[in-house]
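Build the full structure now, drawing on both the sequences and the hints.
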Amino acid sequence: MNLAAEEKNDALLITVHEPRLDAASAIQFKDRMRELTQTAPDRVVLDMSLVDFLDSSGLGAIVAVLKKIKQGKSMELAGLTPTVQKVFRLTRMDTIFKIHPNTEIAFSEKHVL
Amino acid sequence: MKRQLEKKGRIRKRKRRTLPPEMQKYELRTTFLSDPLSVRRALEKVLLKLQHLKTPPQDCGKVELALAEVLNNIVEHAYCITREGKIELRITLEKQRVKCTVSDDGLPLPNSTLPSGQLQVLSNNTSDLPEGGFGWFLIRELADEIQYSRAGSKNIFSFHIRLEQF
Numbered sequence: 607m608n609l610a611a612e613e614k615n616d617a618l619l620i621t622v623h624e625p626r627l628d629a630a631s632a633i634q635f636k637d638r639m640r641e642l643t644q645t646a647p648d649r650v651v652l653d654m655s656l657v658d659f660l661d662s663s664g665l666g667a668i669v670a671v672l673k674k675i676k677q678g679k680s681m682e683l684a685g686l687t688p689t690v691q692k693v694f695r696l697t698r699m700d701t702i703f704k705i706h707p708n709t710e711i712a713f714s715e716k717h718v719l
Numbered sequence: 765m766k767r768q769l770e771k772k773g774r775i776r777k778r779k780r781r782t783l784p785p786e787m788q789k790y791e792l793r794t795t796f797l798s799d800p801l802s803v804r805r806a807l808e809k810v811l812l813k814l815q816h817l818k819t820p821p822q823d824c825g826k827v828e829l830a831l832a833e834v835l836n837n838i839v840e841h842a843y844c845i846t847r848e849g850k851i852e853l854r855i856t857l858e859k860q861r862v863k864c865t866v867s868d869d870g871l872p873l874p875n876s877t878l879p880s881g882q883l884q885v886l887s888n889n890t891s892d893l894p895e896g897g898f899g900w901f902l903i904r905e906l907a908d909e910i911q912y913s914r915a916g917s918k919n920i921f922s923f924h925i926r927l928e929q930f
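Residue numbers (my numbering), protein chains in the order written: chain D, 607 to 719; chain E, 765 to 930.
To be clear, the hints were calculated from the coordinates, so they are not data collected in a lab.
Just to be clear, a hint being listed does not mean it is correct.
Unchecked claim - Listed next, the stretches of chain E that the computed footprint assigns to chain D, with coverage defined by at least 3 CB atoms under 8 Å from CB atoms of chain D:
#1 818–832
#2 870–879
#3 882–894
Please read these numbers as outputs of a predicted model, since none were measured by experiment.
Think of the CB as a built atom: it goes at the ideal place given N, C-alpha and C, for glycine as much as any other residue.
Put into structure tokens, the structure is as follows:
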């Protein structure tokens, strides 16, 4: 599971360097995200622009990470590709997560934590 | 006489199972083991086939997602993750839809009926959000004419996925 983390503007930007978040990778994703977000700043932005495919296992893993992130912290998503976006829209999970078109926009807006 | 009958049987079998040669390029058949990595590889094969036949990307995504959910359910429930078994997949690209047939030798669906696939109401409270149970909802959203039957020890699922960008 290739995830790259960098601190940016008081937030943690995590880029998913995997083409698929599916049943074969959901557990590794959850474990790695847990490690990376343990000491993270209050705001976490997950860049999904390299993920072409997400199934319900991958979606479940992202929800699980959101639930694990401690209270008062936020996890936002950026750069959803069309199929990934479709999964979020159909399951209405797009109403739960703050979703940015890309990371530039995610970091150019003013954020109130 | 016996040999003749056998021969006849073979011919009949072949006739029933094979598309005419000019149609074969629109079909993909693959058999693989019921584990998540094999499912991933099978989906990649399907995707290559659809791309090769110039299926628009969004339609490819739709087929891949619906199939992924059906196949994941087989790995997880019919074979209960730990039981090793085979999954057979056949897809046929038609003019405006993809026909899919999936069979396995795992456990039957409870009560032999397809799950209703209701979308769970999402709670405002983050800790109550569901982490699963989206599979059948997605299948029902993406696929049409979903059918399930049990033939001996086999589960057979068939469904169509309408292509939108044709």
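Do the hints match the structure? See the list:
1. Closer than 8 Å: that is the beta-carbon criterion, and the segment 818–832 of chain E has 7 residues meeting it against chain D, so the requirement of 3 holds.
2. Counting residues of the segment 870–879 of chain E whose CB lies closer than 8 Å to any CB of chain D gives 0, so the stated coverage by that chain is violated, three being the minimum.
3. Closer than 8 Å: that is the beta-carbon criterion, and the segment 882–894 of chain E has 6 residues meeting it against chain D, so the requirement of 3 holds.
Violation of the numbered hints given earlier is confined to hint 2; every other hint is satisfied by the structure.
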